Each structure stands twice: as structure tokens, then as C-alpha cells.
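K.L.:
Listed below, chain by chain, are the residues.
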Amino acid sequence: MLSANFVIFIAVAYIFLLFILAYFSDRSQKMGKKSFLNSPLVYTLSISVYCTSWTFYGAVGSAARNGLEFLAIYLGPTLVFVGWWFILRKLVRVGREQRITSIADLLSSRFGKSNRLGVLVTLIAVIGTTPYIALQLKAITNSIQVISASGSSSAISGFGDGTLALGIAALMALFTIFFGTRNVDANEQHHGVVAAIAFEAIVKLVAFIAVGIFVVFFVGGGVGNIFAKANEAGIDIYRADSFGPRWIAILFLSAAAILCLPRQFQITVVENSNERHLRTAGWAFPAYLFLMSLFTIPIALYGLTALPEGSNPDMFVLTLPLAEGNTLLALFAFIGGFSSATSMIIIATIALSIMISNHIVMPIALRSSENLGTADGRGVTRLLLTSRRVSIIFVLFLGFLYFWFSGNSDALASMGLIAFAGVAQFLPSMIAALYWREASVNGAIWATFIGFLVWAWTLFLPSFETSSIMVANLISEGPFGLEFLRPQALFGMSNMDPLVHSVFWSVLLNVVTLIVVSLFTKQSSLERIQANMFVDVFSLKKRGQAELVRGSATANDLMFVAQRVLGGKRAYEIFEGFAKQSGVRREELIVTSEFISRLEKELAGTIGAASAHVVLSKVLSGGEVSLEEVMQIADETQQVIEYSQRLEQTTKKLRATAKELKKANESLTQLDKQKDDFLSKVSHEVRTPMTSIRSFSEILLTHDDINDEQRNKFVLTINQESKRLTNLLDEILDLNALEKGERIWVNRLVNGEEILERTINICSPIAMQKNVQLKRGEKASNDNINAEPDRLAQVYINIITNAIKYNDAKNPIITISSMSKAGFYIVDIADNGSGIAKQDTEIIFEKFSRGRRTKGGDDGGLGLGLAISREIIDKMSGSLELIETNNSGACFRVKIPLTKEE
Amino acid sequence: MNVDVLIAEDEPGILESLEFILKRAGFSVSSVTDGEAALETIKVLKPKMMVLDVMLPKLSGFEVLKRLRANEQSRNLPVLILTAKGQRQDKKQAEEFGANAFITKPYANDDVVDGVRQLLNLAGFYDQQNKETDNEQS
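Protein sequence lines, in the order shown, are assigned to chains L and D.
The numbering of the first sequence is the numbering used here, which starts it at 29 and goes up by one.
The numbering of the second sequence is the numbering used here, which starts it at 3 and goes up by one.
Rather than coming from a laboratory, the hints here were simulated on the basis of the structure.
Nothing here was measured: the structure is a model prediction, and the numbers come from that model.
Don't take every hint at face value.
[Stated by the list, open to error] Distance condition first, Cα-Cα at most 27 angstroms in a straight line; then the derived DSSO-like pairs of lysine-lysine: (1) D/87 to L/703; (2) L/703 to L/690; (3) L/703 to D/60; (4) L/866 to D/60.
[Stated by the list, open to error] Examples of chain D residues lying across from chain L (beta carbon under 10 angstroms, computed): (5) 14; (6) 85; (7) 107; (8) 112.
For every residue, glycine included, the Cβ atom is placed at its ideal position computed from N, Cα and C.
Chain D on its own, in the form it takes in the complex (with noise of 0.2 angstroms):
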């Protein structure tokens, strides 16, 4: 049972407000509130990409996305990681730890919903690209 979007996000007026405005501009959520229920879903669900708030409970976000990177599995997968510091540094490791955008909160509605978008393109590419080699080795 494949979804589109997977949330990690721990504040729960935000995350509301996400899953109203993904569900709104079509695409499936499916959402947790802490790092290692993040891990977790992932395995499940299968998502095509990840919103990934920083500062989550039990692992941080960049944890997250650092073991995402270490594995075969989800090298691939597409991130957005959210974060309310702000700062550039932030913006800078994220980059650092493979993070594919990088929204500051608070942020304008249609860029979370634009960037969700790019990342299920840049995802539809991966999957085209992996049919592709498949394809070819078989």
C-alpha cells in the first residue's frame, strides 16, 4: 500500500494543517510524529517522498535522513525536510546530509505543495530510471 507522502511532523497544529493542504492538492498522506516512527513507516508504507520536520522527538530529522542515506532502500528517496530554526547553517547540513529541499517555517502553503510536487516528479524519474535497469538486465 504505497502513499505518496509520508509527514514526520510532532506539533500537532502543523501537521493538521499539512495533511489538510497535501490531501487538498490530491496527493495520499500518511503521517507520524517522531523520528523512529518515521524509520518505522517507511519500511510499511513505501512512500514516493518525505516531509521531515527537524526537531522531532526520540531522533532528530537530520538522523533520520542521515540513516535514509545509509541504506540501499531509501537512498533514493526524495526529502523535504522543514525546519523552524531557520538558520543557514541548517540549510547547509541539510544539503550536506542529502536532503533534496529545504523549506523554512513558517512558509506560504503553496511552496510546501509545490515542493511536495517536485520531489514526486524527481520520485517518478527514480522509479522510471530503476524500471529502466531492470528492463535491461532482464
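Bound conformation, chain L alone (with noise of 0.2 angstroms):
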């Protein structure tokens, strides 16, 4: 057995041992030395921050106690690493563009670099953190109790648990502002912290896994055995309600933890060197994770079959070493444990310094003194130390008390989930900041203050029913009576885990409030800037937007303020830099809005970004144009460039309309020049008739002397012409009202060859007339279709006599054959003459065609003949084409589709 004394000498030797680590990690960055301090995997190991002490031995306790529910506090962070390309990338580049120093910061500068939002996240962060940091102190005093007491856990030679407790923190708050406040500019960062926590996760999965396999495989005697024993004993760990609502609700706040925790921001977005390094994170953590979760259930399974019944399960990793003797590794244990706790407490501790006094302390400093950089020398850089340290120190003291006041309780032991659901307030804000351009900053600041209060009233208070009467009476019967408000069963939900009722309502209730406020309340147009900033993170490329702004501050002025603030060298730094860029000399810098937001940027890295907003506007209110002035300014850029985008957009739209518009006009004077066309051959068409009509009526009343026979002749021309007429205008007004369907049409069922057989016993006389031979070729078996009969006899007529009337051949036949094919009755009119040109087999169908022309001076008016049956047959759902064969005449096709039989 350890004496009590030697270990607490090994905790502080090892604090010590970090201090020293710690201080050449620093030494050499600040040598330039590109050590692997700067590595992925230096970054990867001290993300591991989050597997506290209450990982390290309350995962066996878990296990032991509650099933496989711990895994869901490693499966929430795994979804979002290896989802890092979602949502940590955006975080991440969001941090480093903006100069982001801690989550309260983030929020803040998103929203307008409101400072009242950065307050109340601020304290939010301090109520659920301060639990947790007296959560790791009472693992310390615990873990020190277990290795060294014999059984008895009273007081250690000479030390209270309180003194230890003290002694830690105290230690801690050393280490803290040793390494954490040497810097002001968070974005220097502090690498020997973070060396010194990488080598701390090192220390602590290591001893994880050799209690693990010393417990699997010297013990144990195997997994195998081990299941088995357990199975033996009736010990169940794979409880069939494991996955329930419960176990749903921590992976949700596990998620969210290693988003919204601090010292989780702290780590991951602040202390980021290199963006590249969350790739090689996005799979290192999650198999970090799991290497720690590898022997969670095998040594709760052996604790709870060796050890005696009654044993604490949180102490496992401490007691099963220490049952079978190996003090040694028990040591090593404690120092595992150690290590996840000290880790815990010194980022927490650095990011809620940063916060306090960021978000505190300078802007109420930064209020109350009007002269800001006269006062004295280094006034602002003193005063940020100072309100670091004491913050740090404070912070670390309100942890020892509530670990003082909460004593024994098991208040405590919950805790960490507590915290979880605490800082899963700053979620929807957050996610919000990141990809909604309309959330507001009342909306923030409403839906956290509310998603606070809830989350206060249904978890953080019920913690303490067990050493408050009063919250006990409370949580039965709701303040003043009032059932629906018990903090366990709000509205009447009762019957629900805790913890799931107060995720729930406090989730729900801060996600309706950030939609709904933010919909309903105007954005300023600082905060409209900075949601285009956070939000279009990726692609918004540098502005080279330059304008002057006018009669401000000079650059002597800036200079002086960043010289306060930042520093002389770094304030030198920066300007020189610039007037590098801008291509001047430092002394011939000029003030431009971009210069202004890139200092702003420098300071908000420093002392956050709602004061470096309140310095610089103060140091430019003296001249004529305020700092909201310059925002102004830039928020109208933002608009005339939205507006020209606008503007762009409707161009494009008027050039397709004219696009559009010339096409119509286009296919008009189409139309146009179809009419001219057509009246023109109507012209031409009515004109040939009537001049033959007027020419011989003319002779017949001029001349006396004509004979019998000439007159005669004369008179039949003038007859026939005269018809010919008739038929022309007929068959104008017939296409007119066929084109523009003012006919009532009525297709029904009828014998295709009824109705081809009545068609040439009307043409018969004529072809007989002509010495033209009609013949009947092949029938169709099928000619049930759907037609108006006599239009389709009209057709057929058309082309019979048109076949007639243009046969050139010596013995003229016509062939008039039927068939029914594929669904079709087709009629073949074929011809033997000398056909017609290829080129024509359209154009014949066009109105007053000229394919063939009128050769008789019969009634003629193939004009519009072959147009209004083209016209008819498509009434008629079918076609009527010219068709190729292989004899020289034409061949005319109408195909009518057959109806199906009844």
C-alpha cells in the first residue's frame, strides 16, 4: 500500500514535469524551431481534452452500472470528426478568418459583435463549467483516498480532502497562468499548454490500456473467460433499453459538447495551427476514442465479478490493480486519472479566463475609462493580463467551493452530462452563426437565455435534491403549487428520464425562439456583414475594397491604440505589413476601411471582438466618421454590389425576353409573308379566269361576224371559266374554315371501302371521258375506321381526278388499291405517268402549288385541292403523303388508323 504522502509527491512531481515540458515547448516555438509540436498528431492528442476523469474511471462505472449507454459519449464526438468536413471545417476557417478567441467570442462577433451575447454565453460557460472543474478535484482527493487509504476513506496523514482540493487547484491556477496568460493574443496560442495536454492524453490512454490488459490478459484470463465469468454471475450488460430515448439524447449532447464545451473550442478552433491538421483529427480522434473505450466493458465486467460486492465501480481502473497487488500500476492508474483531470482544468480554466475577461472585464474597463491610450503606457495590455490571471484564479476558486459545498453529495457524480446539456444551449446559435444568414442576434441571445433557463430549471437545479429540501419539495410539487411546472415534468411530461425531458424541452424551446425572433426583428447592418462573413466563409474571397475613409483618425492615431493594445512590436508588425502591401512607407499610411477591419480583426484577437469594436470606434469618433460609419459604408458596398447582381440578373432576363420577342416577331413575319404570298397567288388564281371570261365577252360584243361554231366555243371557255371561279373561292373558304376548325366535325364509325368503291363509280364517267383506265387492285380485309364520309370521298375524288387529269402516259392507268396494315387502312392511288420531281412530293401540298400545273382549260385548281385534303385526312387523325414505288407514276397514300372492333 501507498502511503498517501508519496502520492500526492508523484502528482506534484508530475505537475512539474509538465511545467517543464510545457516550458521548452514554448521555448522552442518562440525560437522558430518547427518542432512536431506543430503537428497533426499534436493536435489530434489534445482534442482527447474531452475524455476527462469522468471518462477515465466513470466510463467503468457506467458500464458497470448503466449498460452500454457510455458508448454513446464516444460515439457523439466520432459522428462529428468524421464528419468533419460539415461542420468543424466551417468552424475552424470561421475562427481563424475572424481571429475567434472562445465560443462566447464567436457568438458575439457573429452577431453583430454584440457584447450582451457574449456576456450571457459567458456565464452560461461559468455555471456549467465550474461543476465540472469541482467534478475532476473530487476525482483527484477520491483517487488519492482509494490508492492510499487502507479500505478506510478518512482523513489522509495530515490532509483534509478540502486542503488537497485547495492544494490542486491552486497548483493548477499556477500552471494555468503560467503557460496560459503569456501571451494576449489568443491567436499567438499556447503551445505549452497544449504540449503539455498532449502529453498528458498520451499518459492517460497508456495507463487505460495497460490496467486494460493487465486486467483482460493477467488477470482475467481472456475476454473470453471474462464474458463468460460475468454471464456466470448473471451480469447483464446488454441491456435491451440501452438504445432507448436516453441513449439518443447523449449522443445528441456528447455531440454537441465537443462542439460548444470551451475547452473543446478552446483546443479545436483556437488553438488550431493549421487547418489541414482536422483531416488527419477527422480519423485520429474517433481512433483515439475508441482505443480508450476498448476495455471499458471487460475490466467493468471483471470488477463486478472479482471485487467484493458493494464495490465502487467508478474506482475499477484504481482497485481491481490494487485487489491483485499491483501497486505499481495502480500508481500508474492514478496518474492516468490525474492526467485527465488536471487537462480537463487547465483548458477549461484558460477558456473561461479568455471569455471573463473579454467579455467582462474590458469592456466594463474599456467604459470607465474615456482616455483610453493616455492614461499610461502599457494601460491595456496590464489591465488584460491582470483580468486574465484573476480570472483564472477565480475561476478555479468557485470550482474548490462548489466541490466545498457540494461535499460528499452525489451532486456531483451527474455532473458531466449536466455540463453537456448546459454548453448544447450554445448549439442552435451556433449552427445558426455558421449557415443561416437570417439569425439575428435577439434571436441568439433569446433562444441561449431561454434554452438556459430551462435547461437550469429541469437539470442543473434538480441536481441538488438530495442535499436541498427545498428543491426536493420543489420537484414534487412545482413552485407555488403549480403542477405543470415541476422541473422533472414540465407541461405535464411526466414519466420521461430526466435528462431526455430537459434535452427535449430545452432543445426544442431554444430552436422555436432563434427561428421565430430571428424572423420577426431586423438585423443591423453590422450584423447583416458579419452573418455574409461567417455564413459565405468559403467563398468569399478577400475584397480589395479600398475606399479613404475621410477626415477619421490618421494612422499616428491606430498606431497608438494598437500599441496599447497589442503591443509595440506586434502593433510595428502589423503596419509595417500593410504598408508594405499597400506599397507606401509606415509613415505614409493611409487609413482605408479595409486597414480599419483588418486592425479590428488584430485586436479581436486579443481582447474579443465586440471591444476591439468599441476601442476603434472611439478612437475614430473623434474624427468625422465613426467606426459604424465605416460599417455603414461597407454594408452599402455589400448592398450596390447585391444590387448589381440584381441588376445583372434582370438583364439577363430582358435579353431573353428580347430574345424571345424576335423570335415571335420573326415567325410574324413569316406568317406575314405567307399571307402576302398566298393573296398574291389568290391574285394570280382569280385573275387567269377572269381574263379569259372578260377577253371573250369582249369579242362576242364587239364582234358581229362571228361564226356559229366560234361562238359557241367562245362561250363554253367563258362557262367553264366562270366555274372555275366558283371553285376557286369554294375551295378558299373550304381550307379557311377547315384550317381554322370552324366546321363542326364529326367522324364516326364507317366502311373505308364502301366509301372508295362509291368514289369510283363517281369517277368512272370521268376517266372513261378521258380514255383513262381505272383499276381495282388489291382489297383491305379490315376498313372499319372513323371518318366523315363524304370529306373522305372528297379526297379520293380530289386525287382520282387529279391522277386523271396529269397522266401523260400513252395508255393512261390508275390503280386504286386498299389494305389494312399495322393497325392502319391505307388507300394507294398510283398513276402511270411520268410522276412527279422529287423535290416536289412536299410542295404539292402547299397552297397553289406550282408541282404541277394546270394543263386543260377545264375547271382546273390543283391549287388548293391537295391542301384542303392534306387537311381533311389529318381531321381524320391520319396522313395523306406522296409515296415512292418502283413504277414512274405518282402515288398518293392515305392512311387512316383502323378503330378497334366491337
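Using the hints, put the two chains back together into the complex; each one sits in its own frame.
P.N.:
Rendered as C-alpha cells:
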């Protein structure tokens, strides 16, 4: 058995080792050496600050009590990191671009550099984190008791629990102040601290795995053996209800925590030195978590079977090696747990101290000192360092107080998940900050505040149930007897796991408030700018806007402020760099809004966005233009850009419309031309017979000496030409009616053959007259079609008479055949004349086509006949075309769909 | 074998009436029914003037006119254009191609007879001129 003094000595020595490690890391970084400290591996290891003593010791306890519940704690962060590309990538990019110093700064900066929001987030973070720090202190004191005291938990030689915890807190404060407040620019990062944390990450992992291997392979006799024994003892770790609502709630909380816990934000975003490290962390951190959780179940199972009943499962990691007499391993395990606790304390304290000093101390200090730069030489820097140091002491002392007053109550044990649920209230605003442009500062403030209130009421407050009778009463009765406000059964939602209940209500109300308030409040111009900077962080290139800020502060004024805040050397570097970039000497530097916004970012890296904004506002408001106005200008520029983009879109639309109009105009012109052509053709077709009529009638009128034979011939011509004219007018009107659909068209079921025969009978005399032979070819077997019989006959007659008229063969023959094929009733009318030129096969269907000219002085009128025929067949859903055949003559084909027989 | 008038017209009725009235007016008349035939026949019959329809098969009246004007032999042949289109553009085009007279269908018979007579006078004038220049040269 180890003596308490020895254990404490080891612990102190371990912290001393951390001091040395941090010191040399800091030094090598300062000297500009490219060390392994900048590797993605160190970054990944430092992220494992997530695994506190609560997970180091508690995971085994949780597995022993609640089965697989502990897996969710590891699975949430795993999901977030495996999917680093979605949220973490943007978060880190924004953090670097905007010189974000903490999660409070992130939200404050995004929502118009609102300090109210910064203060709110800081307060919630402090309230959520101090009990968590207390939990670490308790884990340390407990573990020292376990490892040194022989069974009894009474006072350790000379030390009370409180003194011990206070001592550790003091050591932590010392370390944190020493390495956490060396630099004032959070951008310069805490390399020494990160190195120490990475080292601790290795220690706790190796320690845990060492215990695991010892338990499984040296005393437990292999995994199979352990599980078999547990089975015998009736321990069932796979409880069916493991994966219920509570499991999902824990999964959600742990995923939220890896993003929102102040210490995680500090390590993942603020301390990130290279964005590409995320890529490695994306798989390496989940791998770390996997190794960390590998032996949890075997240790828990073996502990439950091998140790006497009633042993505290939370301490199995220590008690198992002790029980087997392996004190060295137990000591190593203790160091592992100690590492988990101290790393959490260190980073959480740094993160909180930055938040407190930037969002609470600095704004108050800045407001009260009117003459900022002139007060004394290094005012702001000293103020800043002092406030950080005081904040560190304050946070640790708060943690200690909490530990002291909560004593040995089990309020602490559940503090891990309670803290997770608390910081999860930042998540909706954080996600909105990155992805929702319209989210407004009022939305974020109210959402976070209401989420916090609900969390405090439903989860934080009930954690005091056992230590306070008042709280216990409140839980069972509700405030003032209002049952629907009972902390663990809001609005009558009893029978729910308290954690699930709290997460459900707090996150739901948080999100709803965020959306509703954001939709109903207006963003300031500053908010809009910041929203764009955050949401479009990947698409926004640095715009080269460099308009002058008229007559405001000079570069010297700004230099003065920068020196106060950043220190002379850093300020000088920034100004020099910017002058170089603008191509002038530093003394000639002109103040542009671009320069101001860059300087503001630099200042924000030290004192937070909100404070930096106030500082620059003060300097600039001495002149004619305030910072608000500078922002206004930037916003207007943004609006002009947006306006011009809209204008561009409108122009594009107009251009498209113009194009369409041009098209429409072209087709109208085309139509107009067609109309002109038609009129011209009609004119010609009318004038031709008119000419004959007029001429012959004049001859008959003026010449008396014409013989009877001639007279008769002339009168006959007049008569024929009159008929031709009448036909023409009929056709024009008919075609017009067909095209306009003025005629009522009724197709009915008819026999195509019947109509065809009738037509042939009509045409036979004409054919005989012209010595043309009409031959009937093949006959269709099926001829049920939907048609208007008279119209169909009209088409046949038109084609047959044309064929008779234009057949120039010696022995003119017209062959009419019909068939039913592939659902169509087909009629072919072929002649053996010289046919129609190939290029005219479509033209002949146009109005007054000249594909074939009227030859005879008869009623003529090819002009519209085929155009009308085609129109008619169209109305019967059929087609009329000239087809190619092996014969010389023309062959017209009428195709009409067959109707299904009933 | 010179004729007075060559008619190029494809409408049988119109052609018949034209032949009738011009013969009755005392002119010697010959006729063709398409543009190509018109060009061929001019070479053979050497008419004094020509009545030319615009809408002729094979070669349009305007095309025939253009070719006549391009040929040294027929450059001065008086041509009377007949058209059923009767649009202003046609008249303008006829003038451009070098038609001597332009009559729209339907027409009064007397107008055609008068037109032919005037153009025959013009042909006579050309004839006279040619003879004179021949004399001077000889």
C-alpha cells in the first residue's frame, strides 16, 4: 500500500514535469523551430482533453451500472469528427479568419459583435463548467484516497479533502497563469500548454490500456473468460433498453459538447495552427476514442465479478490493480486519471478566463476609462493580463468552492452530462451562426437565454435534490404548487427520463425561439456584414475595397491604440506589413476601411470582437466618421454589389425576353409573308379565268361576224372559266374553314371500302371520257375507320381526278388498291404518268403549288385541292402523302387508323 | 418568215382570245406556251414584237425578258408584259428588266391591240434606224 504523502508527491512531481515540458515547448516555439509540436498528431492528442477523469474513471462505472450507455459518450464526438468536413471545417475556418478567441467571442462576433450575447454565453459557460471542474477535483481527491488509504476513506495523513483539493487547484492556477497568460494575443496560441495536454493525452491512454491489458490478459484470463464469468454471475451488460431515448439524448449531447464545450472550442478552433490538421484529426481522434473505450466493458465486467459486492465501480480502474497487489500499475492508473483531470482543468480555465476577461472585464474597463491610450503607457496590455490572471484564480476558486460545498453529495457524479446539456444550449445559435444568414442577435440571445433557463430549471436545479429539501419539494410539488411547472415534468410530461426531458424541452424551446425571434427582428448592418462573413466564409474572397475614410483618425492615432493593446512590437509589425502591401512607407500609411477592419480583427484576437469594436469606435469617433459609419459604408458597398448582381440578373432576363420577342417577330413576319404569298397567288388564280371571261365576252360583244361554231366555243370557255372561278372561291372558303376549325366535324364509324367504291363509281365516267383506265387492285380485309364519309370521298375524288388530269402516259392507267396493315386502313392511288419530281413531293401539298401546272382549260384548281385533302385527312388522325414506288407515276397514299372492332 | 407578234402564254383560254383579237386587228401571230420555247422560237421566227406572260412554265417571263435583253440580236425587241399578279412590284420589275409595255390581266382587248400596235411602230422605228446606220456605214 502506498502512503498518501508518496502519492501526493508523485502528483506534484508530475505537475512539475508538465511545467518543464510546457516551458521547453514554449521556448522552442518562440525560437521559431519547426518542431513536432506543429504536427496534426499533437493537435489530435490535445483534442482528447474531451476525455476527463469523468470518462477515465466514470466510463467503467457507467458500463457497470448502465451497460452500453457510455458508448454514446464516445460515439457523438466520433460522428462529429468523422464528418469534420461538414461543421468543424467551417467552424475552424471562421475561427481563423475572424480571429475568434472563444465560443462566446464566436457568437458575439457573428451576431453584430454584441457584447450582451458575449456576456450571456460567458455566464452560462462559467455556470456549466465550474461544477465540472469541481468534479475533477473530487475525482483527484477520491483517487488519492482510494490508492493510499487502506480501505477506509478517513482523513489522509495531515490533509483533509478540502486542503488537498485547494492545493491542487492552486497548483493548476499557477500552471495556467504561467503558461496560459504569457501571451495576450490568443492567436499566438498556447503552445506550451498544448504540448502538456498532448503529453497527458498519451499518459491517460497508455495508463487505461495498461490496466485493461493487465485485467484481461494477466488476471482475467482473456476476454472470453471474463464474459463467461459475468454470464455465470448473471450480469447482463447488453440491456435491451440501452438504446432508447436516453441513449439518443446522450449521443446528441456528446456531439454538441465536442463543439460547444469551452475547452473543446479552445483546443479545436482557437489553438488550431493549421486547418489541414483537421483532416488528420478526422480519423485519428475517433481512433483515440476507440482505443480509450476498448477495455471499458471487460474492466467493468471483471470488476463486478472479482471485487466484493458494493465496491465503487467508478474506481475499478484503481481498485482492480490494487486488489491484485500491483501497486505500481495502480499508481500509473492514478497518474492517468490525474492527467485526465488536470488537462480538463487547465484548458477549461484558460478558455473561461479568456471569456471572462474579454467579455466582462474589458468592456467595463474600457467604458470607464475615457482616455484610453493616454492613461498610462501599457494600460490595456497590463489590464488584460491582470484580468486574465484574476479570472483564472476566480474560476478555479469557484470550482473549489463548489466542490467544498457540495461535499460528498452525489450531485457531482451526474455533473458531466448536466454540463453537456448546459453547453448544448449554444449549439442552435452556433449552427445558425455558420449556416443561417437571417439569424439575428436577438434571436440568438433569447434562444440561448431561454434554453439556459429551461436547462437550469429542469436539470441543474434537480441535481441538488438530495442536498436540499427545498429543491426536493420543488420537484415533487412544483413552484407555488403549480404542477405543470415541476422541473422534471414540464407541462405534464412525466414518466420521462429527467435527462431526456430536459434536453427535449431546452433544445426545442431554444430552436423555436431562435427561429421565431430571428424572423421577427431586423438585423443591423453590422450583423448583416458579419453574417455574410460567417456564412460565406468559403466563397468570400478578400475584396480589394480600399475607399478612404475621410478625415477620421490618422494612422498615427490607430498606431497609438494598437501599441496599447497589442504591444509595440506586434503593432509595428502589423502596420509595417500593411504599408508594404499598399506599397508605401509606414509613415505614409493611409487609413482605409480595409485597414481598419484588419486592425479590428487583430485587436479582436486580443480583447475579443466586441471590445475591439468599442476601442476603434472611440478612436475613430474623434473624427468625422465613426466606425459605425465605416461599417455603414462597407454595408452599402455590399448592398451595391448585391444590387448590381440583381441588375445583372434582370438584364439577363430582359435579354432572354428580347430574344423571344425577336423570335416571335420573325415568325410573325414569316406568317405575314405567307399571307402575302397566299393573297398574291389567289390574285393570280382569280385573274387568270377572269381574263378569259372578260376577253371573250368583249370579243362576242364587239364582233358580230363570228360564226356559230366559234361563238359556241367562246361561250363554253367563258362558262368553264366562271365555274373555275366559283370552284376556286369555294375552295378558299373551305380551306379557311378547315384551318380555323369553324366547321363542326363529326367522325363516325364507317366502312372505308364502301366509300372508296362509291368514289370510283363517281370517277369512272370522267375517266372513260379521258380514256383513262381505272383499275381496282388489292382490297383491304378490315376497313372500320372513324371518318366523315363525304369528306373522305372528297379527298379520293380530288386525288383520282388529278391523276386522270395529269396522266401523260400513252395508255393511262390508274390503280386503286387498299389494305389494312399495322392498325391502319391504307388506300394507294397510283398512276402510270411521268410522276412528280422528287423535290416537289412536299410542295404539291402547299396552297397554289406549282409542282404540277394546270394544263387543260378545264375547271383547273390543283391550287388548293391537295392542301384541303391533307387538312381533311389530318382531322381523321390520318396522313396523306406521296410515296415512292417502283413505277414511274405518282402514288398518293391515304392512311387512316383502324378502329378497334367491338 | 417574219411574224408581227409572238405570244408566250400558257393559259389556253387566254391564248385563244389573244390570237383571235390580234389576228382580227390584222397582225400576223405565232404562239408558244412556255419560256424555253419562246426563246427558241424568237431565233427562228424573228417576230417584230412579243407579248409575254410572266407566269410561264420552265422559264418565267421575266427570265425570258432578261435573256432577250442580254442578247445583242434581241436587245431592242419590243416586249409587252402580261401579268395576272398585278402588283406594283411586278410593274417596277418589268421596267427594270427592260419591258416596253405592261398590261395587267384581266385587260380590255383594245388596250392589248393598242399596245401591240404602238410597239410595232416602235419596232418599225428601230428598223428604220438600223437601215439608216447600215446605209451610212456602206
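K.L.:
Hint by hint, say whether it matches the structure.
P.N.:
Hints, verified against the model:
no., hint, result
1, D/87 to L/703, "15 angstroms, holds"
2, L/703 to L/690, "19 angstroms, holds"
3, L/703 to D/60, "26 angstroms, holds"
4, L/866 to D/60, "16 angstroms, holds"
5, 14, "4 angstroms, holds"
6, 85, "8 angstroms, holds"
7, 107, "4 angstroms, holds"
8, 112, "8 angstroms, holds"
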